[in-house]
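**Student:** Sequence:
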Amino acid sequence: MPKRALLVAIATLVALISLNAFAPQASVEASGKSLKDRLSATIASSQLGKKGVAGAVVYELKSGKVVFSQNASKALAPASNMKVVTSAAAFCELGLDFELQTKLFRKGSINEGVLKGDLLIKGYGDPNISGRFNDGDVTQVLRHFAKVVKAHGISQVSGKLYFDASYFSGEAVHADWPSNQFNKWYCAEASALSLNDNCITVRIEASNGKHAKLTKIPDTNYVSINGTIDSKAGRRDPKVAVVRPIANSNELKVWGDIYTGKPLFDAECTIHDPANFFAQTMIEVLYNQGVEVEGGVAPLAQTEEQLKQWTLTSVFKSGMASTLFVCNQNSQNLYAENLFRIVGAEKGGEGSLAGGRKAVLAFLKREGISTDGLKLEDGSGLAHSNRLSAEALAKLLRKVALKENGDLFKATLPVAGQSGTLKTRLRGASTKGRVFAKTGYISGVYSLSGFLDHKDGSRYVFAVILNDAVSRSPVDRFVEVLAD
1 MPKRALLVAI
11 ATLVALISLN
21 AFAPQASVEA
31 SGKSLKDRLS
41 ATIASSQLGK
51 KGVAGAVVYE
61 LKSGKVVFSQ
71 NASKALAPAS
81 NMKVVTSAAA
91 FCELGLDFEL
101 QTKLFRKGSI
111 NEGVLKGDLL
121 IKGYGDPNIS
131 GRFNDGDVTQ
141 VLRHFAKVVK
151 AHGISQVSGK
161 LYFDASYFSG
171 EAVHADWPSN
181 QFNKWYCAEA
191 SALSLNDNCI
201 TVRIEASNGK
211 HAKLTKIPDT
221 NYVSINGTID
231 SKAGRRDPKV
241 AVVRPIANSN
251 ELKVWGDIYT
261 GKPLFDAECT
271 IHDPANFFAQ
281 TMIEVLYNQG
291 VEVEGGVAPL
301 AQTEEQLKQW
311 TLTSVFKSGM
321 ASTLFVCNQN
331 SQNLYAENLF
341 RIVGAEKGGE
351 GSLAGGRKAV
361 LAFLKREGIS
371 TDGLKLEDGS
381 GLAHSNRLSA
391 EALAKLLRKV
401 ALKENGDLFK
411 ATLPVAGQSG
421 TLKTRLRGAS
431 TKGRVFAKTG
441 YISGVYSLSG
451 FLDHKDGSRY
461 VFAVILNDAV
471 SRSPVDRFVE
481 VLAD
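The opening position of the sequence shown corresponds to residue 1 in my numbering, with each subsequent residue numbered one higher.
For the record, the hints were derived by calculation from the structure and aren't laboratory data.
For each residue, glycine too, the CB sits at the ideal point set by N, CA and C.
Watch out, some of these pointers could steer you wrong.
Said to hold, decoys possible - When the alpha-carbon atoms are kept at most 25 Å apart in a straight line, the in silico DSS-like pairs for lysine-lysine are as follows: (1) Lys184 - Lys253; (2) Lys375 - Lys51; (3) Lys347 - Lys365; (4) Lys107 - Lys150; (5) Lys160 - Lys51; (6) Lys239 - Lys213; (7) Lys216 - Lys239; (8) Lys147 - Lys116; (9) Lys65 - Lys399; (10) Lys150 - Lys160; (11) Lys308 - Lys150.
Stated by the list, open to error - Taking CB as the label site, the calculated pair distances span: (12) Ser473 - Thr215: 35 to 45 Å; (13) Thr303 - Asn208: 54 to 64 Å; (14) Asn248 - Trp185: 35 to 45 Å; (15) Trp185 - Lys50: 26 to 36 Å; (16) Glu99 - Ala151: 15 to 25 Å; (17) Lys262 - Gly153: 31 to 41 Å.
Using the sequences provided together with the hints, build the complete structure.
**Tutor:** What follows is the structure, encoded as structure tokens:
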């Protein structure tokens, strides 16, 4: 989605939310018991395993009155509801004015088109450099950097293109992530220099010949492809595999069939060492734009003090609002992981998982949220070892919503029946367009937390977490009962 359209979408959501901002809080006293009974029955209907636990809570938004509570303080695996905590911390601790920056520097003298020195690209965790905001043009930002270099009269660099991702430190993925799924987009490595969601897209096009045409997006020599995909007649869905068999390699293997009746398919696979991927793609873009870097690419960590020895040449900036929107609407793990580390770098002393944990736990305590039993293992919720309670989620959401600009945070959440990961869920008349909530799923875990603008004018905040569950239907049914 283009950035302009994204911001319009956010503004529209905020306007819709604001229509109910001052709606009166309707009393639930008259029907409270039956509502509690129906909500309890919904939780009781959850198909849980022997170790299964369901935690749920509902508050009136304005008053904070408890409408329903069951195992609310029990710390459970939250799945992607961890993103509520990560995005709320970024929203409150960094603010919407915070800019995610990527900086290009140069060092040396320019003589007759030759920079006798080096270039340096330094990242500060921006996950937005992709085709998402550029009509699918993955390398638009890199071409902008190249054009700026060219505009300074540089057509050749005698030294290297250095890359600096030292704003982040420590592990790029959590040890508790599923080791057999590292190829999947949701397991992408976090990096202070990120490009194309730290994935390579392989575009597969059926042809009249035996083999399909394979195109890498971005088109970079950093990733190689071995194997072929056959083109066949028919209108079947493609049956293809695009995998990276070795975790620390960027050699892909492909196989399968694509059919001429459905001739185009994009497959994504994560890459290893995203900062190197960024730099290698950039040096190729520079070359294509008429700037040759003779020394290749190499890592180089530079402190802010050391950067004073370089000349700042260009800065690309992304906004916090659009970053949070993608994180929560799409449940985009890389965005959450980078944000978690950014909060750590800015507020916790280091841009790592440890720094993120320190900063986010401190944030929760300042907001008056009990952290007893909570475990913040990563920023996205992919690790099964994360622990949050329904109470902590709902109280945090309420705290954020009641802030001066709280509706802007609410607008980052998927809307039932309309947008994001709730677009095809909760489409009934009582919930469509009235539920703003973050979804969550990992193996055996279903969660949903957010807001309900009831048709009678009441406004609620809720959280539901099921562990060792076989279906999400009780989660949706819980919200439907609340909305009736």
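**Student:** Now, for every hint given, state plainly whether the structure supports it.
**Tutor:** Each hint, compared with the structure:
1. Lys184 - Lys253: Answer holds: Lys184 to Lys253 is near 14 Å, not above 25 Å.
2. Lys375 - Lys51: Holds. Lys375 to Lys51 sits at ~19 Å (cutoff 25 Å).
3. Lys347 - Lys365: The given pair, whose Cα atoms are some 14 Å apart, holds under the 25 Å limit.
4. Lys107 - Lys150: Satisfied, since the Cα-Cα distance of roughly 15 Å is no more than 25 Å.
5. Lys160 - Lys51: violated, 56 Å
6. Lys239 - Lys213: Distance of about 15 Å is within 25 Å: holds.
7. Lys216 - Lys239: It holds: about 18 Å lies between the C-alpha atoms, which stays within 25 Å.
8. Lys147 - Lys116: Holds. Lys147 to Lys116 sits at ~18 Å (cutoff 25 Å).
9. Lys65 - Lys399: Holds, at roughly 13 Å.
10. Lys150 - Lys160: Holds: Lys150 and Lys160 sit about 16 Å apart, inside 25 Å.
11. Lys308 - Lys150: holds, 22 Å
12. Ser473 - Thr215: 35 to 45 Å: Since the Cβ atoms of Ser473 and Thr215 sit about 40 Å apart, the hinted range of 35 to 45 Å holds.
13. Thr303 - Asn208: 54 to 64 Å: Hint holds: Cβ distance 56 Å, inside 54 to 64 Å.
14. Asn248 - Trp185: 35 to 45 Å: Violated - the Cβ-Cβ distance for Asn248 and Trp185, about 18 Å, lies outside 35 to 45 Å.
15. Trp185 - Lys50: 26 to 36 Å: This hint holds: roughly 33 Å between Cβ atoms.
16. Glu99 - Ala151: 15 to 25 Å: holds, 23 Å
17. Lys262 - Gly153: 31 to 41 Å: violated, 49 Å
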